[in-house]
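Student: What follows is each chain in one-letter form.
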Amino acid sequence: MWAFLGSDVLFFGTLIATHLVYRGQSVSGPAENILDIPITSISTFVLLMSSLAMVLALSGLQRGKMGEARFWLAATALLGSVFIGFQMYEFAEFANEGLTPRTNLFGSTFLIMTGFHGTHVVIGIFWLWSLFFATFNGKIHQGNSLEVEIAGLYWHFVDIVWIVIFGVVYLVGAYGTEEHVEEAGHAAAAILGLG
Amino acid sequence: MAHMTDSHQDHPGPRLYIIIALILGVLTGIEVAAFFLELTSWVVVWILLLLSLTKFLMVVYFFMHLRMDDNRFALLFFIPMVIMISIVVALLALFQNITR
Chain A
1 MWAFLGSDVL FFGTLIATHL VYRGQSVSGP AENILDIPIT SISTFVLLMS SLAMVLALSG
61 LQRGKMGEAR FWLAATALLG SVFIGFQMYE FAEFANEGLT PRTNLFGSTF LIMTGFHGTH
121 VVIGIFWLWS LFFATFNGKI HQGNSLEVEI AGLYWHFVDI VWIVIFGVVY LVGAYGTEEH
181 VEEAGHAAAA ILGLG
Chain B
1 MAHMTDSHQD HPGPRLYIII ALILGVLTGI EVAAFFLELT SWVVVWILLL LSLTKFLMVV
61 YFFMHLRMDD NRFALLFFIP MVIMISIVVA LLALFQNITR
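Chain order of the listed sequences is A and B.
For the first sequence, our numbering begins at 1 and goes up steadily by one.
For the second sequence, our numbering begins at 1 and goes up steadily by one.
Hints should not be assumed to be uniformly reliable.
To be verified - Now the stretches of chain B that chain A is said to cover, found in silico as 3 or more residues with beta-carbon under 8 Å:
id	stretch
1	50-58
2	72-86
To be verified - If you want a taste of the chain B side facing chain A, the calculated C-beta under 7 Å gives, among others:
id	residue
3	V32
4	A33
5	F35
6	V45
7	Y61
8	L91
As the list claims (entries may be wrong) - Ranges between beta-carbon positions, derived for each pair:
id	chain 1	residue 1	chain 2	residue 2	range
9	A	M66	B	T54	16 to 24 Å
10	B	L94	A	N144	46 to 54 Å
11	B	I87	A	R63	38 to 46 Å
12	B	I83	A	F136	23 to 31 Å
13	B	I83	A	M66	38 to 46 Å
14	A	F4	B	I87	30 to 38 Å
15	A	E68	B	A90	27 to 35 Å
Bear in mind the hints are in silico, worked out from the structure with no lab data behind them.
In this text, all values refer to a predicted model and were calculated from it rather than measured experimentally.
Backbone N, C-alpha and C define an ideal beta-carbon position, used for all residues, glycine too.
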């Protein structure tokens with residue numbers, strides 16, 4: 001799983017890098033100023049709490065408390081679903097305001113990047129529910145908690161990818177208005193020694 | 001998973017996980033507050049990057065148990081991370097040249 005996560009780091013790294021390279025380059029349509037930071041802050045908090053639920057599920061299973069493990073597995077999957085709900089709302093709002101993957105560079109790079117992240121979350125949700133139901137037929141028990149720990153690694157990875165996207169793309173990338181985007185870009189370049 | 005054996009006795013308990021989650025929540029709140037504060041842009045960018053890095057490492061080391069795992073797992077994860085950061089920096093450097 002760690003090897004897979006290492007490869008996924010490169011996958012998301014490429015998507016994030018592409019978005020950053022084209023930041024502020026859109027010549028038409030809505031761009032960085034369309035991002036709704038308060039709403040995304042809430043969805044970020046929801047995803048962080050799903051990571052807490054995931055470790056509590058594993059902890060419960062390792063201590064042989066099956067009821068606790070089931071409760072937190074279901075909670076993790078539900079919190080992941082809430083996050084996806086926020087993302088669907090965000091995408092729908094963007095479409096209403098005229099931003100689609102074909103609108104401009106921001107639309108292409110942002111929606112593909114966050115869309116792939118959302119796909120990872122959806123896969124994780126299906127994985128979590130399969131583990132949840134497997135606890136009832138004895139396929140998941142205290143003796144093979146490694147199965148849940150592997151799923152947990154995947155879930156936490158999805159969380160840390162979002163931590164990076166939220167910090168670098170939403171907050172740094174959309175620091176207020178378009179002027180702020182340019183200022184933030186220069187500040188980030190200076191920090192990286194490129195300015 | 002991460003363990004070479006199936007022993008998980010060294011995993012921290014729920015109490016530590018809850019404390020870590022609360023800290024992550026507070027750090028997210030500080031990030032959002034910094035975003036809306038009228039500060040110099042480089043200060044805000046520094047704050048946001050440092051807070052994101054802190055949250056990232058806390059999840060990796062505590063929730064993903066990397067601090068208790070075999071070092072080879074850390075290498076499998078952090079070597080691609082270094083490559084990825086290098087790619088981002090290189091592309092941003094190229095981008096800067098193109099737009100000037």
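Student: Tell me the hint numbers this structure goes against, listed in increasing order.
Tutor: 4, 7, 9, 12, 14 and 15
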